[in-house]
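Place chain X on chain F using the hints.
Chains F and X are the protein sequences, given in the same order. Under our numbering, the residue at position 86 of the first sequence is numbered 86, and the numbers go up by one with no gaps. Under our numbering, the residue at position 17 of the second sequence is numbered 17, and the numbers go up by one with no gaps.
Simulated from the structure, these hints should not be mistaken for laboratory data. Ideal Cβ positions, reconstructed from N, Cα and C, are used throughout, including at glycine. Any given hint might turn out to be false.
Stated by the list, open to error - Interface residues of chain X toward chain F, partial, derived using beta-carbon atoms under 8 Å:
(1) Arg-8
(2) Ile-9
(3) Ala-17
(4) Ser-18
(5) Ala-34
(6) Leu-43
(7) Asp-101
(8) Leu-104
(9) Phe-123
(10) Ala-134
(11) Leu-138
(12) Ser-141
(13) Val-143
(14) Gly-144
(15) Val-145
Said to hold, decoys possible - Computed spacing ranges between beta-carbons, pair by pair:
(16) Arg-73/X with Asn-17/F: 38 to 44 Å
(17) Glu-32/X with Ala-48/F: 16 to 22 Å
(18) Ile-72/F with Pro-140/X: 49 to 55 Å
(19) Ser-53/X with Asn-17/F: 34 to 40 Å
(20) Ala-69/F with Gln-116/X: 53 to 59 Å
Claimed, not checked - Heads up, simulated DSSO-like pairs for lysine-lysine below, C-alpha to C-alpha not over 30 Å straight-line:
(21) Lys-9/F with Lys-152/X
(22) Lys-110/X with Lys-9/F
(23) Lys-110/X with Lys-152/X
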Amino acid sequence: MNEETNLEKDWPPDPENDDLARLAEQLQDAAAPLPKEALLRVETQVHAELDRAAWRARWRRYALGWSVAAAILIAVVGYVVFRSGQENGRNPPLAQNNEPVLVEDRITIAVGSAGQAPAADKPLVRLDDFRSLFAD
Amino acid sequence: MTEEARSRIENLFRRYASGVSRYALLRVRSPELAEEITARVFLAVVRHIDQQSGSLVGWLWAIVRSELARHYRQPAHQAFPPGLISTEAPPGEDLERQERDRLLLDALQKLPDDLQQLISLKFFLNASNLDIAAALELTPSNVGVKVHRALKELRRRLEPEFFWSES
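For reference, chain X alone in the conformation it holds in the complex:
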């Protein structure tokens, strides 16, 4: 592995490890599993960096999705070992917030795949519009317009339950 590749991976980790772990935690709702999936994502990055071409963020996002898909393909007893998943709310998180997050995630998962990707890259991975544009082959200004449209669609699907629970 060249020094240049190592440096790219380290930069990618610094920039996106937190976002990847947040997204994984949101999806699997278990800190232990989210940590494991985050590790698997970045280990795959290290092992396959020589195959990477095009947008680095797009490539990372493809690995994240692939690792999550692999997690969900596993039999339930492997994906969710007894006692591994926390059934308690994380500290400071109340039931109302949990319910709101569940509604958000449910609505997000019902969006078309391209809008889901946009929202996930923008708000969970915290990718810049430039990086999202490169990953999804859009123009940077188009990313903003599409994110706006995706949020409107998400809002439409959340109403009225979400905004009722918010009040």
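With the rest of the complex left out, here is chain F:
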């Protein structure tokens, strides 16, 4: 007799034990089993629910994986955009010294020689050459 079917396991010695064992058997008999077909129908439902639960768990794992990947992608893109924006909008460093800066420049000029005729002696327009233009 195995442990599961031994109704009297660990009972203390008692003259009433035989009667009690009979009562225990009657208790077991009072609970009639369901027909096998009924239990098979229940088993089918349980297996269907197990399959659904496994599918849901798998879907949750995929969703979690995709969420993590999307979060990483968003973080990377966000970082890149932030950095490039920071570099473009960076102001030139302000001058630390506000004193005026001395600027030096040199210009070379040519001075005409003493023998050259002054510009006033030379006619600006040679009217004699283009007299026809003024003939009416």
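The following block gives chain X in isolation, referenced to the frame of chain F:
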């Protein structure tokens, strides 16, 4: 759901589905309702296995009690749809046996809750003393002593009517 959880549920079903259905049938006296309650119990097991901790049998037993309580909380017209409950004795069961079972169940329901649980786990669910000990936080040897005490108490409450009807 992990393969390990699935395997645990399948083992639990193989081991206790018959006992749960027997206990449900004893309580509701309708094979159809007992089947429905048994299904609800194991569907709840599947849906909430990730919340289970401690004794598996104790947890299962809590679900059984909860589903039966839910059944009794339903309005009578829902709990017992017309024509669903068999008013005839199951095949092979005579009136005398029906009466004896009714007396047993009545006496059992008048026992203190802890003794009712012990007897139900031991004789209806066919749980081992080890499983009962884990479920009720007792030592395995203490389970035997308490079952013995519960049976004596049940016998005392059944007398003399039960043993008169038995003869």
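Comparing the hints with the structure gives:
Interface restraint check for Arg-8/X: the shortest CB-CB distance to chain F comes to about 11 Å, outside 8 Å, so the restraint is violated. Interface restraint check: Ile-9/X against chain F, minimum CB-CB distance 7 Å, threshold 8 Å, status holds. With 8 Å as the threshold, the beta carbon of Ala-17/X comes within range of chain F, its nearest partner Cβ sitting at about 6 Å, so the hint holds. The interface hint given for Ser-18/X holds, since its Cβ lies 6 Å from the closest Cβ of chain F, which is under the 8 Å cut-off.
Taking 8 Å as the C-beta contact cut-off toward chain F, the hint placing Ala-34/X at the interface holds, the least distance being around 6 Å. The closest approach between the C-beta of Leu-43/X and any C-beta of chain F is roughly 5 Å, which is under the 8 Å cut-off, so the hint is satisfied. Annotation: interface hint on Asp-101/X holds; nearest CB of chain F at approximately 4 Å, less than 8 Å. Look at Leu-104/X: its Cβ gets to within about 5 Å of chain F, closer than 8 Å, so that hint holds up.
Evaluation of the Phe-123/X hint against chain F yields a held restraint, the C-beta minimum of about 4 Å falling below 8 Å. Using the Cβ-Cβ criterion of 8 Å, the hint placing Ala-134/X at the interface with chain F is not satisfied: the shortest such distance is roughly 14 Å. Annotation: Leu-138/X was flagged as interfacial toward chain F, and the flag is violated, the nearest CB pair being 11 Å apart, outside 8 Å. The interface hint given for Ser-141/X holds, since its Cβ lies 5 Å from the closest Cβ of chain F, which is under the 8 Å cut-off.
At a threshold of 8 Å, the smallest CB-CB gap from Val-143/X to chain F is about 7 Å, leaving the interface hint in force. At a threshold of 8 Å, the smallest CB-CB gap from Gly-144/X to chain F is about 2 Å, leaving the interface hint in force. Below 8 Å, beta-carbon pairs count as interface contacts, and Val-145/X has one with chain F at about 6 Å; its hint therefore holds. At roughly 39 Å, the beta carbons of Arg-73/X and Asn-17/F sit within the given window of 38 to 44 Å.
For Glu-32/X and Ala-48/F, the hinted distance range of 16 to 22 Å is satisfied, since their beta carbons lie about 19 Å from each other. The given range of 49 to 55 Å is respected by Ile-72/F and Pro-140/X, whose C-beta atoms sit roughly 53 Å from each other. Distance hint for Ser-53/X and Asn-17/F: a CB-CB separation of about 37 Å, consistent with the stated range 34 to 40 Å. In this structure the hint that Ala-69/F and Gln-116/X lie 53 to 59 Å apart at CB holds, the actual value being about 54 Å.
Taking the CA atoms of Lys-9/F and Lys-152/X, the gap is about 15 Å. The hint holds against a cut of 30 Å. Distance hint between Lys-110/X and Lys-9/F is fulfilled; the C-alpha atoms sit about 25 Å from each other, no more than 30 Å. With a CA separation close to 14 Å, the supplied pair Lys-110/X and Lys-152/X stays within the 30 Å bound.
Checked against the numbered hints above, the structure breaks hints 1, 10 and 11 and satisfies the rest.
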